[in-house]
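Heads up: the sequence shown runs through residues 0 to 750, numbered per numbering that gives the first Met the number 0.
Don't take every hint at face value.
[To be verified] When the alpha-carbon atoms are kept at most 27 Å apart in a straight line, the in silico DSSO-like pairs for lysine-lysine are as follows:
(1) 538 x 423
(2) 473 x 423
(3) 423 x 330
(4) 492 x 454
(5) 538 x 330
(6) 473 x 139
(7) 492 x 327
(8) 139 x 327
(9) 473 x 454
(10) 327 x 423
(11) 538 x 454
(12) 454 x 330
(13) 473 x 538
(14) 423 x 492
[Stated by the list, open to error] Across the chosen pairs, the derived CB separations fall in these ranges:
(15) 88 x 697: 54 to 62 Å
(16) 510 x 285: 20 to 28 Å
(17) 516 x 599: 43 to 51 Å
If you're looking for bench data, these hints aren't it; they were derived computationally from the structure.
Backbone N, C-alpha and C fix where the C-beta goes; we use that ideal spot for every residue, glycine too.
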Amino acid sequence: MKLDSQDERDGAEPKRGRHGMTRRQVLKWGAGSGAAIFASSLPFSSALAKSLRSRSIGGQTIQAFINSPPFSFLYGNQSSDTLLTKWPKEVLTSQTREGVQTTTIRWTDPVTHLEVQWVASQYAGFPTSDWIIYFANRGKTRTAVLSQILALDWNVSGLSRNGWIIHSNNGSHDQPTDFAPYEIPLVPNSFRVFSTSGGRSSNGYHNSDLSGTNILGGWPYLNVDWSSGGMIVALGWPGQWVMQVERLRADTLRLYGGMSQVDGTLLTNGQDIFSTDLAELWLAPGETIRTPRIVVMPWEKVPGNTAGWIDAQNQWRQWFIQYHLPRKQGKLPDPLCPAVANGFFSEQGGPDGTDDQANELSWLNAYGAEHDTPSTGGVHNYWWIDAGWYETPPGPITWVSVGTWTPSPTRFPHGLSPIFQRAKDLGMGSILWFEPERVMPGTWLYDRRSSWLLKPPPGLSEYSGQARLLDFGKEEVVNWAVEHFGALITTQKVDVYREDYNIDPLPYWQFNDPPGRRGITQIQYVTGHLEYWGALLAKHPGLLIDCCASGGRRLDIDSMGYAINLWRSDYSNVAESNQGMTFGVSAWLPMTGDQVLIQSFSGKGTNEYNARSAMAPSFQEIVQVPSAVTENWNVLRAMSFEWIDIAPNYFGDYYPLTAFAPPEDTSVWMAWQFNQSTTGTGFVQAFRRGTCPQSTMRLTLHGLSLHANYRLYDYATQSSWIASGSQLQQGGLVVNLPTTGSATTIRYVRL
Numbered sequence: 000m001k002l003d004s005q006d007e008r009d010g011a012e013p014k015r016g017r018h019g020m021t022r023r024q025v026l027k028w029g030a031g032s033g034a035a036i037f038a039s040s041l042p043f044s045s046a047l048a049k050s051l052r053s054r055s056i057g058g059q060t061i062q063a064f065i066n067s068p069p070f071s072f073l074y075g076n077q078s079s080d081t082l083l084t085k086w087p088k089e090v091l092t093s094q095t096r097e098g099v100q101t102t103t104i105r106w107t108d109p110v111t112h113l114e115v116q117w118v119a120s121q122y123a124g125f126p127t128s129d130w131i132i133y134f135a136n137r138g139k140t141r142t143a144v145l146s147q148i149l150a151l152d153w154n155v156s157g158l159s160r161n162g163w164i165i166h167s168n169n170g171s172h173d174q175p176t177d178f179a180p181y182e183i184p185l186v187p188n189s190f191r192v193f194s195t196s197g198g199r200s201s202n203g204y205h206n207s208d209l210s211g212t213n214i215l216g217g218w219p220y221l222n223v224d225w226s227s228g229g230m231i232v233a234l235g236w237p238g239q240w241v242m243q244v245e246r247l248r249a250d251t252l253r254l255y256g257g258m259s260q261v262d263g264t265l266l267t268n269g270q271d272i273f274s275t276d277l278a279e280l281w282l283a284p285g286e287t288i289r290t291p292r293i294v295v296m297p298w299e300k301v302p303g304n305t306a307g308w309i310d311a312q313n314q315w316r317q318w319f320i321q322y323h324l325p326r327k328q329g330k331l332p333d334p335l336c337p338a339v340a341n342g343f344f345s346e347q348g349g350p351d352g353t354d355d356q357a358n359e360l361s362w363l364n365a366y367g368a369e370h371d372t373p374s375t376g377g378v379h380n381y382w383w384i385d386a387g388w389y390e391t392p393p394g395p396i397t398w399v400s401v402g403t404w405t406p407s408p409t410r411f412p413h414g415l416s417p418i419f420q421r422a423k424d425l426g427m428g429s430i431l432w433f434e435p436e437r438v439m440p441g442t443w444l445y446d447r448r449s450s451w452l453l454k455p456p457p458g459l460s461e462y463s464g465q466a467r468l469l470d471f472g473k474e475e476v477v478n479w480a481v482e483h484f485g486a487l488i489t490t491q492k493v494d495v496y497r498e499d500y501n502i503d504p505l506p507y508w509q510f511n512d513p514p515g516r517r518g519i520t521q522i523q524y525v526t527g528h529l530e531y532w533g534a535l536l537a538k539h540p541g542l543l544i545d546c547c548a549s550g551g552r553r554l555d556i557d558s559m560g561y562a563i564n565l566w567r568s569d570y571s572n573v574a575e576s577n578q579g580m581t582f583g584v585s586a587w588l589p590m591t592g593d594q595v596l597i598q599s600f601s602g603k604g605t606n607e608y609n610a611r612s613a614m615a616p617s618f619q620e621i622v623q624v625p626s627a628v629t630e631n632w633n634v635l636r637a638m639s640f641e642w643i644d645i646a647p648n649y650f651g652d653y654y655p656l657t658a659f660a661p662p663e664d665t666s667v668w669m670a671w672q673f674n675q676s677t678t679g680t681g682f683v684q685a686f687r688r689g690t691c692p693q694s695t696m697r698l699t700l701h702g703l704s705l706h707a708n709y710r711l712y713d714y715a716t717q718s719s720w721i722a723s724g725s726q727l728q729q730g731g732l733v734v735n736l737p738t739t740g741s742a743t744t745i746r747y748v749r750l
């Protein structure tokens, strides 16, 4: 395959993509939630009104939303509160897919022909709703200036006057405390501002001073808890975003959220959302833009139930799994247990970067010979080839030099398909790494398609200012990417398209905005990139997308409707950090991944402690094949069989059973439970850290049938017993770990 032939119309701006959709069609096509991205030009249902009314969430009704929408903007310096009451309005309702009712409210300015659409969906069985706002210029001249665009601007009054707490997590930043949970009290007449860093949606961690107004956080998910109930809020925007949570007086919640052009690390205490450079731009004739997706889920505490906000998180998880998690040919993806090349990605270059077809086949066959693949009686069900398989500029092989997207002709003269075909023979799927957005010097895109690339501002330190950003805001770039990477998916036999993103795009977006159109580069880029993902899924049924951005730095709710996450942090293979990440992220995302290299740890017990610490819906458990000994393979095999026994329960409810402890605190236990009440199955994992003096822990389980009996099996002691649900949920499960730095998994099934 020659890159020169991928776009014969270089420089042209086609009206219609080669995958058959105009940009306007894509904007409509991507409006629906979840992997089944349907054309959701549709509105709020009466079900939402009922769910809100039953929870006394400010007495909101469907009529109230129509007449007082939960978003705002200025148009020609006039408030949308005033304008929308004057403009003609249409309300349309439709069922876009099973269980989803969508409403579109469309307002049109009769003078300038600016069209504003609020597209909102409600989900059967859940009080969850989401929406996106679209702005389109239907006139023949450019619009007035749109500014202070907030996809979320909503007052909810009549709430509890008791203590309020905001629950959230760190994002990812290659730190031991990635995804660590935290809480912030919110007193009357105060606010907090949450944001991300560098233009990647889950990039960062909370500031050390949680008493200040600027939190940062890097996590676009919040649960505002007012004791008797609360509100989960998520902002879906794979770019730079900002949210503000404000408590007015004692009983009123004010929520704001939108796209920003200011890095969250630059905000200071006292700044509110209106000082974060929200979009400010005009639209050309025929131009359409969209806002971030907003998802809200009100919840009510059940009287007598002490779980409170944890129950709300499980309601969120189940909505996510039922309506939002990407499907593989219409079904939920199975949990993944990938094996990867030779330990730590030898294809990435460096001193041992001589990975080639022969090596890959040798390592792959070793897993087969050790009976670790599905067709040989094992569990490892995917073969993962990471960065470095493509052509790079002359000189030492380095995975960093991306931009020529063809297999290395010297190391992989027949491409990667012979390797992935062998994987399929062994019962395994295929995972292949890509990073289309970052472009480095000396590559095909850099040298041959410079007009497609966004340049950095002068003096940018990242990659010494040499990197470029492939501009997905250009229709021709989206067209080329869909065709070229789609062809690689087909010819190389790829089942999981793994996309990385090792660059902060915000400086590029800021620098390339034309005068008077702040935010347009970011908006067009984000919209085009989501269009690209949607087109890949449409053209390749059964494809899964793995969203990786230097670990888990693009995990907003919009991205997670297209993709799963197999590598949640670049801070990997550290047991206590892995425990903390599972503890924190499981409350929000039902499918993420972790990794453990068995040979990194000496001693069988230590290996099992680290392996159990890394178990997740995607469990990448590997060995260095050339140096692996029998004990390594035995531990690998035992841990993979243990994982496959419990893996289906990752789609159940999640309960933390201990307090969170940071990785450096090795004096404690940590434990959690995943439970499927419908099947009566689940598991507990418990970890006694390295200096913990306590050998026994009593854990109170959740979600069980009190009058049923359960058979339990302890994988560490290989013992089983029967206990009643009331014993486990009221008396507790007693776990004994005689040695420090040890762990167990306890599986249970209702009899």
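Each hint, compared with the structure:
no.: 1; hint: 538 x 423; in the structure: holds, 21 Å
no.: 2; hint: 473 x 423; in the structure: violated, 37 Å
no.: 3; hint: 423 x 330; in the structure: holds, 20 Å
no.: 4; hint: 492 x 454; in the structure: violated, 34 Å
no.: 5; hint: 538 x 330; in the structure: holds, 17 Å
no.: 6; hint: 473 x 139; in the structure: holds, 22 Å
no.: 7; hint: 492 x 327; in the structure: holds, 16 Å
no.: 8; hint: 139 x 327; in the structure: violated, 43 Å
no.: 9; hint: 473 x 454; in the structure: holds, 14 Å
no.: 10; hint: 327 x 423; in the structure: holds, 17 Å
no.: 11; hint: 538 x 454; in the structure: violated, 31 Å
no.: 12; hint: 454 x 330; in the structure: violated, 41 Å
no.: 13; hint: 473 x 538; in the structure: holds, 20 Å
no.: 14; hint: 423 x 492; in the structure: holds, 9 Å
no.: 15; hint: 88 x 697: 54 to 62 Å; in the structure: holds, 59 Å
no.: 16; hint: 510 x 285: 20 to 28 Å; in the structure: holds, 26 Å
no.: 17; hint: 516 x 599: 43 to 51 Å; in the structure: holds, 50 Å
Violated hints for the displayed structure, listed by number in ascending order: 2, 4, 8, 11 and 12.
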